[in-house]
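Chemist: Sequence:
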Amino acid sequence: MEVISFTALAAGLIIGLGAIGACIGIGIMGSKYLESAARQPELMNELQTKMFLLAGLIDAAFIIGTGIALWFATANPFLAQIANLPR
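For the sequence shown, my numbering assigns the number 413 to the initial residue and increments by one for each residue that follows.
Derived from the structure by calculation, the hints contain no laboratory data.
Label pairs and their in silico Cβ distance ranges: (1) Leu446 / Leu425: 29 to 35 Å; (2) Ala473 / Ala449: 23 to 29 Å; (3) Pro498 / Leu429: 32 to 38 Å.
Ideal Cβ positions, reconstructed from N, Cα and C, are used throughout, including at glycine.
Turn these sequences into a full structure, and let the hints guide you.
Modeler: Here's what the structure looks like:
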């Protein structure tokens, strides 16, 4: 297989696994937020602030992974090194 096919496979895995992880993480965090808000409604505003902060951080990790995957897919830095290898 060519290096470009491995690059496409790696980019798909990075994006796919990152999306699955972000969705699972936000789902678990949302359920815990609702559970804690139901137990102590007076802390709802403080918990909501922390929940949105963490949701942004979880999404940022996924977006960074997507950016790196797209960088590898469009401007692969490894192709030039492999082209210079002796055959």
